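Q: As you go down the protein sequences, you meet chains C and W in turn. For the first sequence, the positions run 340 to 594 when my numbering is used. For the second sequence, the positions run 3 to 422 when my numbering is used.
Don't read these hints as lab results, they were simulated from the structure.
Interface residues of chain C toward chain W, partial, derived using beta-carbon atoms under 8 Å: (1) Val353; (2) Glu354; (3) Val373; (4) Pro523; (5) Arg525; (6) Ala530.
Source: prediction; values computed, not measured. Cβ coordinates follow ideal geometry from the N, Cα and C atoms, glycine included.
Listed below, chain by chain, are the residues.
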Amino acid sequence: MRILVLSKSVPDLVEELALDEDSGELLHDDMTYVPSEWDDHALEEALLLKDEVGAEVTVLAVDTGDVDNMLFTALAKGADHAVKLTGDFDLATSNRKRAQAIANYLRDNPFDLVLSGVQAIDDIDGQIPAMVAGLLEWPHASVVTEVSIQGDQIHFRQEYGGGLQAELAAQTPLVLGIQAARKPPRYASVAKVRQMMKSSTVDEVDASADAVPELEIRRFFKPVAAGHAEMIEGEPDEVADRIITILKERKLVRG
Amino acid sequence: MQKAKPIELELAVVNGIELPGHWNRMFEPRVISEYDLSVLDQVTSIEGAESLGYCYQCGKCTAVCPVDTVGDYSPRKVFRRTQLGASLVDSPDLWLCTTCRNCLRVCPKEVNMIEIMPAVREQAVLEGKAPEELLTAFENTARYGNPLGEPPRKRADWVKSAEVPVPVMSQHKAPVDVLWFVECYPSYHPRGKDASVALARLFNALGVEFGILGTEEKCSGDSQRMAGEKGLFEMLAEHNVKMLSKYQFNQIVVTDPHAFNAFLHEYPKYGGQWPVQHYTQFLAPLIDQINLTRPISKKVTFHDPCYLGRHNGEYEAPRNLLKAIPGLDLVEMGHCRETAYCCGGGGGGMWLDSFVRDYTSQRLSEKRVREAVEYGADILAVTCPYEVSRFEDAVKSTGNTGKLEVRDIAELLAYSAELI
Ligand SMILES: Cc1cc2nc3c(=O)[nH]c(=O)nc-3n(C[C@H](O)[C@H](O)[C@H](O)COP(=O)(O)OP(=O)(O)OC[C@H]3O[C@@H](n4cnc5c(N)ncnc54)[C@H](O)[C@@H]3O)c2cc1C
Ligand code: SF4
Ligand code: SF4
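Bound-form chain C, shown alone (with noise of 0.2 Å):
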């Protein structure tokens, strides 16, 4: 069984996010990027499975410039191959272009499973993975979780409304969306993630995409406040009693 794991980097929202509000341009320059959380279940799930039945997992980036410790850190977690997809990319590249270049990518190098983070934070339109499956004509399901490999089939469950939850089945070659990892993401140490970047090497491939369709962005804004929230100031037992009143005045309370 050959996983690829896709992953990328977003924005770090521990720092501010630096916008141009006049042009609404978002300064890329500016910010600091961390692995997309999603994209650590991902890697997470190919590691059990791994773990399991002795997959051989890959981890892939499009290289967006700061991509080389996000692959190095996936390595020293378990991974047993690293990919970086080389070409016209930069971190404002969008989702379409990046799915055409990984599909080109899987179109040379086959794998049985893809699994992506279900979304990443950045455009929040989690169409990665269905944007790769459906440019391979592969099966594909998103918000996922519980990926087992049962025989020559992948069987997964996905929760639906109401609370009913479905345990579905599908054929390799397949991508898949992941909502959660079975266990939290692993960690590396420093120790591991440096010697691995001494010692192992990321397979650096060109992918350069032909023109895609695209969404243009007319420009980043932060939304306008609407109202103000309440502090309510005083000693604990003060600030409880305003609360119950102001819930019973709403009758968001019973008594």
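Since the structure of chain C is already known, use the hints to place chain W with the ligands on it.
A: Below, chain W with the ligands alone, put in the same frame as chain C:
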């Protein structure tokens, strides 16, 4: 089965007297040492953890280990359980030691938990067996340069509230006398910042020529090292040494005893060799120059930080500063100086609160606060940035709100000097 070999020095020299070991060796191992020692051997084969094998079960450590007073843990028990075949990397025991160094002070066999714990923990971290909350602190430190997960760009934001000049070296562009290494909690934690503001004002009042690294500073990493992330420590040490090497200064003054420990014993290994003082050591000889006009007529007790006292032998400087404050009545707790109990924050304890709670009857900080109250103190004076928040929480959780205040020595001095 391999029988245990007695571990005795051929020749011990005690106070200059030579004590050859051959005449009082065991003639042969007793039934009590006929175990399958493979599990113990695994632990003592880890570099740094060798001395666990020296334990001869005298129990002296159990009498002084603070964790034993709130739980079922002491170096003696760690040895015994491992001897009986329980895996230390899988045991909660591995995360309970705060590396306070009290056991090493009394152990006749020099079983050294200060080296054993980081070495075995490193192994556990590699095997993915460290508690989740500790890993979060590691990840934050690796990513942001501070265990709190605060934005690195805001590391020097506290300076605004100082309302006195706090030069940042990258902008100052001139040599200074004192490079003040501020550290994480004094940069970000609300109560830590109060002490930083107080210290900045004291430095200004004294006319100290000083500067800080600001956003170029990262966590000193000493507690992460003790908690088993040596690689992270090395990365931080290399960074800080590189940043400090850019500037000219005569000496480093630190707010944090953990950073003090790192600069004294570890950073020289990474090329960072500078004279370093804890701020209490720096201020103590200058105390006559501080105008302490406002009396603090309170009973004050002092909690010796493990990494200032037991680890590095400084007990007097903080006390001399406190004694100089007019009206202040310094009372010592039963556990003070060499025998002081730990606040629970060292060795990674700062980031293991929920984990440790599951294996102890009360927090070490709560035990210490109860002791301070027992001795009739109105104020618990501290001088380690971990402690203000730990003890203030403990004052609340033990129901002592209003009875005991927690203040950093810098805050008490600045208050008495009418600077805050
Ligand atoms: C854990 C352990 C297990 C052992 N098991 C075995 C075993 O199974 N078989 C075996 O053959 N041997 C065993 N031994 C070794 C054996 O116990 C010792 O060899 C033996 O006790 C030595 O006797 P001693 O009277 O010479 O010294 P000790 O028993 O050490 O007595 C010395 C006494 O002198 C006192 N003293 C020391 N200095 C002074 C001073 N300056 N002033 C006044 N008093 C002082 C001490 O307090 C102590 O009471 C074991 C030892 C240990 C530690
Ligand atoms: S004091 Fe030392 S020798 Fe004695 S029980 Fe403790 S660790 Fe073992
Ligand atoms: S260092 Fe302190 S906490 Fe750790 S075992 Fe020794 S006495 Fe106990």
